[in-house]
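Visitor: Please model the complete structure; the sequences and the hints are all you need to start from.
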Amino acid sequence: MDYFLYWFMMPFSILVATTATLGGIGGAAMFIPLFIILFPLLGPEYALVGPVAAIGIALLTQTFGFSSALIGYLRRRLVDFKTAKPFIVIGIPTAVIGAFLSHLADPTLLKFFYGILMLVLACFLLKKPKQKEMYKVSNALSGDLNVGQERKVIAKDGSVYNYHVVRLGNGSYITGIGGFITGLMSVGIGEVVMTQLIRNFRVPVPVAAATSVLIVTLTIMLASFTHVLSLISEGGLGAVPWNLVMYTIPGVIIGGQIGTKLQGCVSSKKMEKAIVIVFVLIGISMMWVVCQGL
Numbered sequence: 008m009d010y011f012l013y014w015f016m017m018p019f020s021i022l023v024a025t026t027a028t029l030g031g032i033g034g035a036a037m038f039i040p041l042f043i044i045l046f047p048l049l050g051p052e053y054a055l056v057g058p059v060a061a062i063g064i065a066l067l068t069q070t071f072g073f074s075s076a077l078i079g080y081l082r083r084r085l086v087d088f089k090t091a092k093p094f095i096v097i098g099i100p101t102a103v104i105g106a107f108l109s110h111l112a113d114p115t116l117l118k119f120f121y122g123i124l125m126l127v128l129a130c131f132l133l134k135k136p137k138q139k140e141m142y143k144v145s146n147a148l149s150g151d152l153n154v155g156q157e158r159k160v161i162a163k164d165g166s167v168y169n170y171h172v173v174r175l176g177n178g179s180y181i182t183g184i185g186g187f188i189t190g191l192m193s194v195g196i197g198e199v200v201m202t203q204l205i206r207n208f209r210v211p212v213p214v215a216a217a218t219s220v221l222i223v224t225l226t227i228m229l230a231s232f233t234h235v236l237s238l239i240s241e242g243g244l245g246a247v248p249w250n251l252v253m254y255t256i257p258g259v260i261i262g263g264q265i266g267t268k269l270q271g272c273v274s275s276k277k278m279e280k281a282i283v284i285v286f287v288l289i290g291i292s293m294m295w296v297v298c299q300g301l
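Just so we're aligned: 239 in our numbering is position 232 of the sequence shown, and the numbers increase by one with no gaps anywhere.
For the record, the hints were derived by calculation from the structure and aren't laboratory data.
Check each hint, because a few of them may be wrong.
Stated by the list, open to error - Computed cross-link-like contacts, DMTMM-like style, restricted to lysine to aspartate or glutamate with a CA-CA straight-line distance of at most 20 Å:
| hint | residue 1 | residue 2 |
| --- | --- | --- |
| 1 | 89 | 157 |
| 2 | 92 | 157 |
| 3 | 268 | 164 |
| 4 | 268 | 279 |
None of these values were measured; they are calculated from a predicted model.
Guide: So this is what it looks like as structure tokens:
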């Protein structure tokens, strides 16, 4: 095993984790295309055994990155634990189920649906909140309607965030689907949760990002362990590319800390637009790979 083979993944992982932490999304979305599309182009020695292995390694890497980011957010006291609870209760079991089923799926179908998922998530992020939802939240904030519980988060730097949180309601189905897709294809829960917290719950962006990181961390932790255990049971310890994760894990830990410190310095609208562009490019690239039969 060549332990210097994937040295370039260290700086790339730092960049991915920083971006993912700022946006409160899953960084695996940016790792998967690299593992599936670019690694084989670099040479046969770089290629992973298949999409399922790529998903498992991406989730394992992401677990460490988000754990690092979570520590940073906990220190800043930005996490809303009460709001996170229902998302966690729904997201974890569905993610584990998805992880189990991914090993039964056809690799080509996984690539195809991954490409579609990226395009759907891009559209999801661009979706404007409905006027009815904005009216309810606006009234709730002014005290005219009792549509949820009042929340107050006081950050370490003294910043105070006041907002109302409505019941998860139909969002529980969306969260369940996001968790399942995360276990199956490595992305979904972060994008779904972050969008709901900001657009539907109207949680302030810093608190939403921190709370999303908590939910994503616990969800992908269980999903990644399921993937890794399945890989080991099928091919032994050698089935896990340790010479890859030895670079990606330290990289995302560093990037996670950088991302938390930069939170609030980057415009949320600009970050959303950047993430949408990345998702569109990833979706198109993955669909191209499937059409070319690669």
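Visitor: Now, for every hint given, state plainly whether the structure supports it.
Guide: Hints and how they fare:
{"no.": "1", "hint": "89 to 157", "in the structure": "holds, 11 Å"}
{"no.": "2", "hint": "92 to 157", "in the structure": "holds, 16 Å"}
{"no.": "3", "hint": "268 to 164", "in the structure": "holds, 12 Å"}
{"no.": "4", "hint": "268 to 279", "in the structure": "holds, 18 Å"}
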